[in-house]
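Enquirer: Sequence:
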Amino acid sequence: MSAPIIGGLPVRSRNFTGRHAVLARMEDALRIGSRASILPHTLHGMGGVGKTQVVVEYVYRHLDEYDIVWWIPAEQTATVLHSLGELAQRLGLPRSEDLQRDARTVLDALADEHLAWLLVYDNADDPAVLDQFIPSVGGHVLITSRNQDWASIGTAIEVDVLDRAESIELLHRRTRRNNGTNSFSAAEAGELAEKLGDLPLALEQAAAWLTATAMPVREYIELLDGRVDQLLSEGKPASYPLTVAAFVALAAERLRSDTPATAQLLELFAFLGSEPVAVSLLRSGQRPGLTEPLRSLLGELIPMNRAIRELNRYGLVKVDASQRIQVHGLIRRVMRDQMTPETSEATLRNVRLLLAAANPGDPDEIGDFARQAALGPHIEPADLINADDMHARQVVLDHIRYLFLIGDYENSRYLAQRTAQAWSADARLGPDDPLTLRAQARLAEARRALGDSSAAAELTIDIFNRMRDSPTLGPGHEFTLITGIQIGHDLRISGLYHEALRFDRESVERFVEVFGPRDQYTLRAMAGLATDHRLVGDFAEALRIDQEIADARADMGSAGWRTLVAQLQVARDLLDLGAYQDGLDLVERGLPTLQNTLAPRHGAVLAARCLRGVLLRKTGQSAAAFDSLRETSALTTQRFGPYHEYTLAAQVSLANALRQLGDVNVAGEQIGEAVDLYRSHYGTRHPLTLIAEVNEAVIYRAAGDPDQARAIDERCRGDLDLVLGPDHPVTLCAAAAVATDLALAGEHAAARQLSETAFDRFRMVMGGGHEARAGGEHPDVLRFRVNLAKDLGDTEPAARLMANSLDGLRRALGPFHPDVAAAERGARLEIDLEPPTT
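Counted the way my numbering counts, the sequence shown spans residues 1 to 838.
Calculated directly from the structure, the hints in this document are not laboratory data.
Each hint should be verified, as a subset may be incorrect.
Across the chosen pairs, the derived CB separations fall in these ranges [to be verified]:
#1 291 to 61: 42 to 48 Å
#2 827 to 684: 30 to 36 Å
#3 623 to 795: 33 to 39 Å
Positions of the beta carbon are idealized from the N, C-alpha and C atoms, including for glycine.
Please construct the entire structure, taking both the sequences and the accompanying hints into account.
Expert: Okay, here's the thing in structure tokens:
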């Protein structure tokens, strides 16, 4: 068997002792367990009993039985998602910006995979939260937890303290001299074990202390006796093992006496999370206001390393090869409880200052996602939401945005909602403070991404109005303008394209005044304005703006993926202008890099993939277009759900491809489902709904049901005339469809009149040519001309018009394009529509 895929597995302890009964129970439970239906096997018990060490030992003993072994820190949902995402990458599965989606992908893959695998969720808390991350079939799951609720789920194995003989053996192994002899007798080891309650964590810490200090064991026992009495008199919670509390108190006292800076370094971890903390993060966070001598220690590399080694020697921390420090949760809680109010206040202030200074900044502009991920686990332990320091609160705002950008919309919404509620109720801030309003804007953003677009729009307009009317901010303030970008998006989602255009045009003027013409935020606002022009049918102006954005980002050396996204918007404009091959060439050049930079299922990547499929079809590559759109439609549905505009656009494009290939039955099923979803989620008169229905009518005609097609076309034409206007390209395409319906019904005079009117107006709206088409006419204009020639009947002008139109189509699309072949056969040409994105 080849070497297993292993991730996150801790180093095996050289001093592992005993636990024979627990290991035997684990082996029996996993051997009996069925791969067809998984119930987790949970090791539960109080903190410090060595649950994790037992599982590590079991895994190393049974590595050869598994193809995959993946160790997952499970105290926080974010770390579970991150670890499962890493497993997805190791297995070669598609990644996305949505970590929840990635987790589901890898769990589904494990359930289907014929491999022996083991997932270990270490230090899990709430069964209700973790349950979603346990595969239903296919392998083994081990869980460690202090939460007794796990005892009722699956197979529960309680891990208690060590037997006395095991405790003595552990102490002797950990303190053995180089010559192999023990520094104290078995009787003394037994007495110490009794004092420590046979708790593995306390035994390990005591052994580390004795080894580091060479203190006689009798002196250590006497110190413990005195300290236990003191701790008992202070009324510590019953859930704290007194031995560990005594150990922490002794260690802290010794450090404060001998090396105060090291003591202050250790105290930081009382208000940091359970995840390992990189030394570089602490050292990068120096700010005025830090307590001395901690501030000086962080500024000196050699003393800092010396302090870390000292903490490691005493068994207070774990330090990995990457210089990341981790403190056991039990020690952190005991340290917090033992601190005086003054020390606690000073330490918490230090932690907040360090985290604020380590914040890389706006994740949109700086994009240091690794540092953002490192800060995340410490936001709640340090209670940054309720910090006094504005910079500490900015860490929270930036992390909310970071979670949104990586696709963890649920946690982005959770943190934004908690933050907005806390700051609204905070007397120092209140509901109208700029920080509170920005947190609410982040909340609206996450809600929109999760599909709650109406609630997002309602919240956004309220925030925008309060910012605009605020004496602190006002209409020209940066925060107000940036929030306004969301207003334009909400108007577009609602189908109010002309309103969005008016709003965004005024906004861009203000952005130029406030930020400058080529600032990152100005370019983001301009992108919305370009989309507005595209949606109202002004494709040439959309191209001009999008090309300006792409050129500016390239000139500025902007982040590569942002430049690629801007270039892909240019490709979309080329599609609308009929320059199909030029648009396809641009997508083919940029898409591979975009996929490698972002993730295969990032929203921008999926939109680009859909655009590629559409352009393949428009250039006559029907089979390739179908294959591409089928895969993209499936991925988009998985990523966004059935109602998202990207999902429905991909489904409509797939239906168009199926119809062009002649599979009208499946095309009808696809388009019918899309129309129903558009109606229920967007409304019956939304432009996207009407566009989908025009395509549905095309498929009805192909299926031999012209009456149904005519009923749809006539209704849609009237609605589009009201919603988009009579001269919008989409409205004119609907008019051309009605002309086809009239011709099929034998109403040739009416068909001719409508074709002539629609053709003249469409040619005027679309223009005679575009430079990307080398002066040729828009292919849809040529399709209009072919149909008009049919409506003119068997006349000499009709023959000349048809010949000229066919020549133009051959030049624009190539001689083997399906529409060219159809026109040569004497058929009318369909002018189907591709849904725009907002």
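Enquirer: Are the hints correct? Go through all of them and say.
Expert: Now for the hints, and whether the structure bears them out:
1. The hint said 42 to 48 Å for the Cβ distance between residue 291 and residue 61, and at roughly 46 Å that hint holds.
2. Between residue 827 and residue 684 the beta carbon distance is about 32 Å. The supplied range of 30 to 36 Å therefore holds.
3. For the pair residue 623 and residue 795, the beta carbons lie near 38 Å from each other, so the given range of 33 to 39 Å is met.
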